[in-house]
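If you want the building blocks of each chain, they are given just below.
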Amino acid sequence: MTNSDSNAPAELHSPLHDRHEALGAKLGDFGGWLMPIEYGGTVAEHTAVREAVGVFDVSHLGKASVVGPGAADFLNSVLTNDLGRIGPGQAQYTLLCNEAGGVVDDLIAYLNGPDDVFLIPNASNTAQVVDIVRSVAPSDITITNLHRDYAVLAVQGPNSAAVLTALNLPTELEYMSFATSQFVGAEVIVCRTGYTGEHGYELVIPAEHGVALWDALMVSGAAFGIVPCGLGARDTLRTEMGYPLHGQDLSVEISPVQARAGWAVGWSKPAFHGRDALTAEKAAGPRRSIVGLLGLERGIPRQHMNVLDNAGAVIGEVTSGTFSPTLKQGIALALINADAGITIGSEVVVDVRGRLGRYVVTTPPFVDANPR
Amino acid sequence: MSGSIPTELRYTAEHEWVQVTADGRIRFGITDHAQDALGDIVYVTLPALGATITAGEPCGEVESTKSVSDIYSPLSGTVVARNDAVETSPETINSDPYGAGWLVEIEADVALVDELLTAAAYESTISV
Numbered sequence: 001m002t003n004s005d006s007n008a009p010a011e012l013h014s015p016l017h018d019r020h021e022a023l024g025a026k027l028g029d030f031g032g033w034l035m036p037i038e039y040g041g042t043v044a045e046h047t048a049v050r051e052a053v054g055v056f057d058v059s060h061l062g063k064a065s066v067v068g069p070g071a072a073d074f075l076n077s078v079l080t081n082d083l084g085r086i087g088p089g090q091a092q093y094t095l096l097c098n099e100a101g102g103v104v105d106d107l108i109a110y111l112n113g114p115d116d117v118f119l120i121p122n123a124s125n126t127a128q129v130v131d132i133v134r135s136v137a138p139s140d141i142t143i144t145n146l147h148r149d150y151a152v153l154a155v156q157g158p159n160s161a162a163v164l165t166a167l168n169l170p171t172e173l174e175y176m177s178f179a180t181s182q183f184v185g186a187e188v189i190v191c192r193t194g195y196t197g198e199h200g201y202e203l204v205i206p207a208e209h210g211v212a213l214w215d216a217l218m219v220s221g222a223a224f225g226i227v228p229c230g231l232g233a234r235d236t237l238r239t240e241m242g243y244p245l246h247g248q249d250l251s252v253e254i255s256p257v258q259a260r261a262g263w264a265v266g267w268s269k270p271a272f273h274g275r276d277a278l279t280a281e282k283a284a285g286p287r288r289s290i291v292g293l294l295g296l297e298r299g300i301p302r303q304h305m306n307v308l309d310n311a312g313a314v315i316g317e318v319t320s321g322t323f324s325p326t327l328k329q330g331i332a333l334a335l336i337n338a339d340a341g342i343t344i345g346s347e348v349v350v351d352v353r354g355r356l357g358r359y360v361v362t363t364p365p366f367v368d369a370n371p372r
Numbered sequence: 001m002s003g004s005i006p007t008e009l010r011y012t013a014e015h016e017w018v019q020v021t022a023d024g025r026i027r028f029g030i031t032d033h034a035q036d037a038l039g040d041i042v043y044v045t046l047p048a049l050g051a052t053i054t055a056g057e058p059c060g061e062v063e064s065t066k067s068v069s070d071i072y073s074p075l076s077g078t079v080v081a082r083n084d085a086v087e088t089s090p091e092t093i094n095s096d097p098y099g100a101g102w103l104v105e106i107e108a109d110v111a112l113v114d115e116l117l118t119a120a121a122y123e124s125t126i127s128v
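Respectively, the protein sequence lines represent chains A and B.
The first sequence begins at 1 in our numbering and counts up by one.
The second sequence begins at 1 in our numbering and counts up by one.
Bear in mind the hints are in silico, worked out from the structure with no lab data behind them.
Some hints here could point you the wrong way.
What the hints assert, rightly or not - Derived coverage of chain A by chain B (criterion: at least 3 residues anywhere in the stretch with Cβ under 8 Å from a Cβ of chain B; other residues may be distant):
(1) 40-47
(2) 122-128
(3) 322-329
As the list claims (entries may be wrong) - If you want the ones that stay clear, here's a sample from chain B, every Cβ over 10 Å from chain A, calculated:
(4) 18
(5) 39
(6) 48
(7) 56
(8) 76
(9) 82
(10) 83
(11) 84
(12) 92
(13) 99
(14) 114
(15) 120
(16) 124
Stated by the list, open to error - Negatives, chain A to chain B, calculated, CB over 10 Å:
(17) 37
(18) 70
(19) 140
(20) 232
(21) 264
(22) 310
(23) 312
(24) 347
(25) 349
All values reported here derive from a predicted model rather than from experimental measurement.
For every residue, glycine included, the Cβ atom is placed at its ideal position computed from N, Cα and C.
Required output: the full structure, derived from the provided sequences and hints.
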């Protein structure tokens with residue numbers, strides 16, 4: 001009956017920690033940060049985001065600035081995606097790979113201008129991302145780790161625009177575009193993005209103003225059914241969309257070619273970290289690929305469970321698995337060997353603690369959603 | 001965090017509660033502390049009617065969105081009733097763990113119930 005996934009106590013607290021304690025949140029370690037897992041229950045929080053609106057504290061996410069002459073061009077020679085595809089005021093999902101093509105981290109790059117890019121890496125990878133980028137940067141480009149300087153709140157769900165409008169925050173933004181606005185005298189960055197598959201926004205505000213923004217969202221959101229949501233619901237929501245989680249579905253061992261994240265690679269760019277290895281892997285075809293698995297019977301697949309073919313041979317492994325609150329069914333992302341001959345629509349078996357459950361191979365998302 | 005622990009029930013260190021019913025059967029379920037620790041329960045697997053279960057051994061599973069936990073038999077005996085309603089509405093275990101969220105009834109040696117933990121003794125095992 002206990003959570004066994006963390007040993008060392010989480011050291012870092014979000015700027016909103018007192019609010020989470022006051023709401024009775026269950027807290028857990030996320031990349032060294034003690035963050036909310038759930039408040040009232042993961043299923044209700046998940047449903048609120050699909051049907052109304054939820055607010056997540058994701059202040060554990062990293063923040064770093066890359067500033068100096070040609071900062072964007074420099075980053076474009078390091079990160080996989082092509083910053084040339086976007087302009088100032090737009091954000092982009094991108095990857096930092098190593099020379100072997102493994103994924104050190106996935107992150108969002110906010111392009112302020114040719115000399116100024118803001119990065120949002122994963123909590124546990126931020127220091128490494130900053131170190132790597134800094135190690136290859138020209139001397140006139142400055143990389144600053146701002147991990148604890150900002151609060152980040154995600155407002156997600158069909159009513160998210162209404163909640164922000166009530167606070168006079170900008171909402172008429174294209175998907176993956178951002179605008180800078182003012183909130184109680186502080187600068188807040190509002191970006192049309194998210195990790196849930198619903199229409200939503202991520203708000204970045206100086207840490208000392210995080211509580212005021214949270215409180216205002218809760219007050220203005222009450223009329224629209226806003227619910228504080230923990231990272232448990234964030235995980236079930238992103239898994240229903242098939243969005244990868246770094247460290248599970250994308251990692252130093254799982255390349256973007258294997259993870260079907262090739263769309264986040266600027267293949268025609270002359271340089272980025274991992275280019276040679278990834279280009280070769282793409283040409284040869286990956287030896288394994290991430291697919292979706294939809295349960296045909298009871299049972300919940302979990303990370304590291306074996307995937308078997310109908311003859312009982314191990315052909316892969318679950319990388320993320322959960323109960324889909326929307327479908328009321330077990331769903332998973334799994335890494336399947338290419339030589340197993342599995343195609344979309346094939347039936348496979350997952351060994352759920354010795355019970356063999358049938359799953360159909362799909363291409364995520366598992367549910368219809370409307371992130372744009 | 002959890003509600004009060006009913007004093008009329010007995011308990012195990014594995015977070016099951018145990019009650020002797022009016023007709024002399026032994027009913028058990030999981031405690032409020034256990035359901036709270038698990039979070040939203042989405043699947044329940046109960047032993048079959050007529051099955052023989054053994055004290056301290058797993059006889060089923062409760063699974064939540066985030067984790068899975070064995071149900072341990074509090075006593076040895078034969079399954080004479082199962083709460084099929086919690087298989088179709090497992091959230092009942094979250095909302096009413098000591099009432100409508102009961103799991104199994106067995107026929108067993110009722111005298112052994114007195115050897116299980118009292119509410120006070122159980123509370124001391126879960127207080128930090």
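Results of checking the hints against the structure:
1. With a cut-off of 8 Å between beta carbons, the segment 40-47 of chain A has 4 residues touching chain B; three or more are needed, and the interface restraint holds.
2. Only residues whose beta carbon comes within less than 8 Å of a beta carbon in chain B count, and the segment 122-128 of chain A has 0; fewer than three means the coverage is violated.
3. Evaluation of the coverage hint for the segment 322-329 of chain A: fulfilled, as 4 residues show C-beta separations to chain B shorter than 8 Å, against a requirement of three.
4. For residue 18(B), the non-interface assignment is confirmed: its Cβ lies about 16 Å from the closest Cβ of chain A, beyond the 10 Å cut-off.
5. Residue 39(B), annotated as away from the interface, has a beta carbon of chain A within 10 Å; the closest lies near 6 Å.
6. The claim that residue 48(B) lies off the interface holds: its Cβ sits roughly 15 Å from the closest Cβ of chain A, which is beyond the 10 Å cut-off.
7. No Cβ of chain A approaches the Cβ of residue 56(B) within 10 Å, the least distance being about 15 Å, so the stated non-interface status holds.
8. Residue placement check: residue 76(B) keeps its beta carbon more than 10 Å from all beta carbons of chain A (closest about 22 Å).
9. Its beta-carbon lying about 16 Å from the closest one in chain A, residue 82(B) satisfies the requirement of being farther than 10 Å from that chain.
10. Under the 10 Å C-beta cut-off, the non-interface status given to residue 83(B) relative to chain A holds; the minimum distance is some 17 Å.
11. With a closest Cβ-Cβ approach of about 14 Å to chain A, residue 84(B) is found to remain outside the 10 Å limit, as its non-interface label requires.
12. At the 10 Å boundary, the C-beta of residue 92(B) stays outside the reach of chain A, the nearest C-beta of that chain being 14 Å off.
13. In this structure residue 99(B) is separated from chain A by more than 10 Å, as the shortest Cβ-Cβ distance comes to about 19 Å.
14. Separation of residue 114(B) from chain A is adequate, the least Cβ-Cβ distance of about 24 Å exceeding the 10 Å criterion.
15. For residue 120(B), the condition that its CB be more than 10 Å from all CB atoms of chain A holds, with the nearest at approximately 20 Å.
16. No beta-carbon of chain A comes within 10 Å of the beta-carbon of residue 124(B); the shortest separation is about 16 Å.
17. Distance check on residue 37(A): its Cβ comes as close as 7 Å (rounded) to a Cβ of chain B, failing to clear the 10 Å threshold; non-interface status is violated.
18. For residue 70(A), the condition that its CB be more than 10 Å from all CB atoms of chain B holds, with the nearest at approximately 45 Å.
19. Chain B leaves residue 140(A) outside its interface by the beta-carbon criterion, the shortest separation being 47 Å against a cut-off of 10 Å.
20. Not every CB of chain B is more than 10 Å from the CB of residue 232(A) (nearest about 6 Å), against its label as outside the interface.
21. For residue 264(A), the condition that its CB be more than 10 Å from all CB atoms of chain B holds, with the nearest at approximately 28 Å.
22. Every CB of chain B is more than 10 Å from the CB of residue 310(A) (nearest about 24 Å), matching its label as outside the interface.
23. At the 10 Å boundary, the C-beta of residue 312(A) stays outside the reach of chain B, the nearest C-beta of that chain being 23 Å off.
24. The beta carbon of residue 347(A) sits about 21 Å from the closest Cβ of chain B, which is more than 10 Å, so the claim that it is off the interface holds.
25. The beta carbon of residue 349(A) sits about 18 Å from the closest Cβ of chain B, which is more than 10 Å, so the claim that it is off the interface holds.
Of the hints listed earlier, those the structure fails to meet are numbers 2, 5, 17, 20, in rising order.
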